[in-house]
Each structure stands twice: as structure tokens, then as C-alpha cells.
Amino acid sequence: MYGDLLKIFFLKDFKSNFKQTVLGPIWFLIQPIFSTLIFSILFGKVAGLSTDQIPKPLYYFSGIILFNLFTELVNKNAIIFRDFKDIFSKIYFPRIIAVLSVSFNVLLRFILQLALLFLMILIYSINGINIKLSLLFIAMPLFILLIVFIGIGFGLIIACYTIKYKDIQLLLTYFLQFFIYTTTVIIPFSAIPNKYKTFVLINPISNLIESFRHSLFGIGNFTYLSFVYTLLFSVSLFLIGIYLFNEKQKTFLDNI
Amino acid sequence: MEKVIIAKNLSKIYIKGQFNFDSLKDLIHSKFRRTEKSSEKKSYTALDNISFEVLKGDRICIIGENGSGKSTLLKILNKITYPSYGSFVISDKMVSVLELGAGFHPEFTTKENIYLFASIYGMKIKDIDNIIDNVLDFSELRDFIDTPVKKFSSGMHIKLALSIFFNLKAQIFVLDEAFSVADNNFKDKCVKRLLDLNQDTTLIFVSHDYELLKKICNKAIVLQKGKIIFNGNLKDLIKWP
Chain F
1 MYGDLLKIFF
11 LKDFKSNFKQ
21 TVLGPIWFLI
31 QPIFSTLIFS
41 ILFGKVAGLS
51 TDQIPKPLYY
61 FSGIILFNLF
71 TELVNKNAII
81 FRDFKDIFSK
91 IYFPRIIAVL
101 SVSFNVLLRF
111 ILQLALLFLM
121 ILIYSINGIN
131 IKLSLLFIAM
141 PLFILLIVFI
151 GIGFGLIIAC
161 YTIKYKDIQL
171 LLTYFLQFFI
181 YTTTVIIPFS
191 AIPNKYKTFV
201 LINPISNLIE
211 SFRHSLFGIG
221 NFTYLSFVYT
231 LLFSVSLFLI
241 GIYLFNEKQK
251 TFLDNI
Chain C
1 MEKVIIAKNL
11 SKIYIKGQFN
21 FDSLKDLIHS
31 KFRRTEKSSE
41 KKSYTALDNI
51 SFEVLKGDRI
61 CIIGENGSGK
71 STLLKILNKI
81 TYPSYGSFVI
91 SDKMVSVLEL
101 GAGFHPEFTT
111 KENIYLFASI
121 YGMKIKDIDN
131 IIDNVLDFSE
141 LRDFIDTPVK
151 KFSSGMHIKL
161 ALSIFFNLKA
171 QIFVLDEAFS
181 VADNNFKDKC
191 VKRLLDLNQD
201 TTLIFVSHDY
211 ELLKKICNKA
221 IVLQKGKIIF
231 NGNLKDLIKW
241 P
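Chains as they are written, first to last, in this note's numbering: chain F, 1 to 256; chain C, 1 to 241.
Calculated from the structure, these hints are not laboratory results. Computed from a predicted model, the values in this text were never measured in an experiment. Keep in mind that a hint or two might mislead.
To be verified - Incomplete in silico selection of chain F near chain C, CB under 8 Å:
1. Leu244
2. Lys248
3. Lys250
As the list claims (entries may be wrong) - Listed next, the stretches of chain F that the computed footprint assigns to chain C, with coverage defined by at least 3 CB atoms under 8 Å from CB atoms of chain C:
4. 12 to 21
5. 176 to 182
6. 230 to 237
For glycine and all other residues, C-beta sits at the position ideal for the given N, C-alpha and C.
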């Protein structure tokens, strides 16, 4: 019954992103392309950081789009009560539809970026660069799903605790900006000094970025132990987020 | 007659002053200034132990002064907020407009907003396809089908919202102060529409316009300070609050 509402909300978000733009969905690709360019020059050429023997654009682009998937999901879900306040306060519908529609929109953006990544891989392969697809390739959708779980879970937890105080939301922007440097988006796991490796390993986002790259290029760190840890972490965070959201949506209108 | 709404012992208590801090600074500030601040936190009873039943086909109006609990009651019945105590059962599909135009997207056209608005009320896309002509006729906005609603006047907003609302598939309709802003011509059309509702449709109507209520409704619930002080046939209500 509310499947159609999800569809219409999804289209609404999608369209309202591009009303009054000329380039439309091309914007989905411009940002990661520019970041990749800057990273390739700054970290690749100037600083000479390792990219695990694969072409710099592929290395940075794959990390950036996955990291963006995470941050966008956090950002969009963290303000879900604010964005939907007007509708939530007037009409009843299952509130989870709002979460799903914003999250699917972020996912759609990621899928377009992923398509571009595949195109880049294809072009590099034709030009003779050897890219080893690993057997883990079939598990790639799972790695993406776990990123989605962490993004939604974390975003919803923030949303539930920022109804009263907006401070955390303001802090979030800074946090996410710095957080990228604690992950393996820029520095590969193999190039990280041994004494810091534990910090990277306990970060599920780093684990997933490494696993994702491993499934595509056959590089990066992947162990079953860290995978099981990441799996448990992601699913728990997601369930906690959904549970809190469900509780909070009953009372939040009395609180704002 | 079949009962479509049964409400038992509904209460809603708001805590005054609990959520007045805008930022962490205010919160910390208030913790240090613990003079008479904490004793100021009083609870406010918006609804006080209300029980009532609505039968299928009732045309029921809810009357009361501002702050008597009308809006709170409707919010609870619409699941927008939860009662502090008590429970209720609604056994038909209910739709309500608590504020006209909520749910419209300003950048979207009339047509897109009809789909958006109706789907929020749980209608399927193929059912909306069937009502779209009726909505455009009733609202007299056919010429503006591809106009973004941000360019609408407030009157046009209301006409569009009400026209969609009257075409929703539901058995219980709830209207809160609905057409007070519309012009007379459109008002008359709405009243006619309400009078033409079939016998299986239930109507809950909130307004301060007593002439209008007399025309449309047969039963009344009168609220005062969160309590029901009258519940019965409208014609038995001697003293208007």
C-alpha cells in the first residue's frame, strides 16, 4: 500500500535535486571526479603516496565514491526529522518510508558513480593495465550493503539525539571531514606503519573500503576475522538506528 | 449501527519547559542556575481522560474554545502524536487535513503534487490516475496543471488541497477549520460535497462557524479544558460554548 508512496518520494527527492539545474544527474559524477583529480595530484604526485600498484585514478575514485556513500547516508539521515517535520506533523504514514526514500536516492547516486568506475576499469584494461578481479568480486554487493547499513544506522542515531540539541549536527560536518583521513581512502593499509594498523583495523569503514578494493583489483587487506567483525558491527549499528528511530518518531513532535 | 471509532480514557500530558533549550550552552547554563527553574516545570494536561464512540455514518462536530484539546485529540486519532494514557481503535480508513497544503512541494507542478499528496494518504498510483480529472474539475485548476505550486496564491493552494482531499478513497473524513480561507463560491461547493457524502461515510468536523456546523453535522462533542462536557445530538446542544 505504501510502496507507491516510496516510489513517489524517491522521484520527488530525485527531481527536486535537479530542478533549476542544467547538468542534472551529471552533478553526481563531477564531485568525485574532481576529488580524484586533486587527490591524484596532491597525494599521488606531490606527496608520492603508494596506491598499491594500481593506477592512481582508480585507487582514489573507488575509495572516494564508497566513502561518499557513507557520508551522504549519514548526512541525509541525520536531518531526517528536520526535513520531514512539516509532513510528519500533519499526516500519518509509516515514517520508515522517509528513511528508505532518502537512502535509495543516495544509493542511486552511488550506482551511477560505480558505473563510471567500471567504465574506467574497462578503459585501463584495454590500454594494457593488468587488473586482477578477485573471487571476492561476487561479494562486492555485500560490502556496499554493509556501508549502507553503517551510514543509515549512524545517521539515524545522530538524528534521534539531535532533535533537542543541534550542536552534534554542526559537529558532524567537521567529524566527517577529518574522518576520511583515518580511513584507507587515501593511504592504503599496506603503507600504514605497523603501530597504527590496529586503528585502521577497528574502523569498519576502512575494512569495507579495503575489501571493496580487494574485490575489484585484487589489492588491499582482507581477512575473514576483520570481515566478521565488520559484519557484526554494521548489522548491529543498523538495527540500533532503526530501533531508536522507531521509538523517537512517536514522541519527537512533542519535543521540538 | 457499527462503531468506527472507539476511544477509551485518552489523556495527553505535555511537560512544559522541558525542551526549551536551543543548544548545549543553554542546557549547561540552566544546570548552573538551579534556582526556581526546576519548580517551573509543570505538566500541562491537554486531554483529560476522554472516552467516546463514533458510529458509521455520523456527522460529528468537535466544538471548543482555543486550547480545549480539539487539535490534540485529532492529532492522536491521526497517529501524529501518541496518547500519554488510554487507547483507541479506528476500524475504517480515515483521512484528515489538519493543515491545508502540508505535503505539497513548491517546485512541483499541480499534477506532480496531486500524485505526491494523494500517495502520502496511502493511495496507489493507478487509483490516483482515476481521480485526477475529478480533482482538476473540482479545483478549477485545470489550466494550471503544469504550473509549479510555488506560483499559486494561498487560495489556490487551499482549493487544490481540498479537491484532492475530497477525492481520496476513505470512509472517515476529518476536517479541521478547513475552508475558512476559501472564497464563498468554493465554500458552497465544499459544503454541497459534504452534504452529498453517502450514508456509510463518517465525517468529523472542527470549526467555529456554527451556522455551517448546523447545516452539516448531526452530532456534537464539546470539549472544555481537555474534558468532554457534552456528547450527543447537535440539536440537544442548548448552549454553544
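Verification of the supplied hints:
Here the hint on Leu244/F is broken, as its CB sits about 16 Å from the closest CB of chain C, past 8 Å. Because the closest C-beta pair between Lys248/F and chain C is about 12 Å apart, greater than 8 Å, the hint is violated. Taking 8 Å as the C-beta cut-off, the interface hint given for Lys250/F holds, the closest approach to chain C being about 5 Å. Only residues whose beta carbon comes within less than 8 Å of a beta carbon in chain C count, and the stretch 12 to 21 of chain F has 5; three or more means the coverage holds.
With a cut-off of 8 Å between beta carbons, the stretch 176 to 182 of chain F has 0 residues touching chain C; three or more are needed, and the interface restraint is violated. Proximity of the stretch 230 to 237 of chain F to chain C, defined as three or more residues with a beta carbon under 8 Å from a beta carbon of that chain, is not established by the 0 residues found.
When each numbered hint is compared with the structure, violations occur for hints 1, 2, 5, 6.
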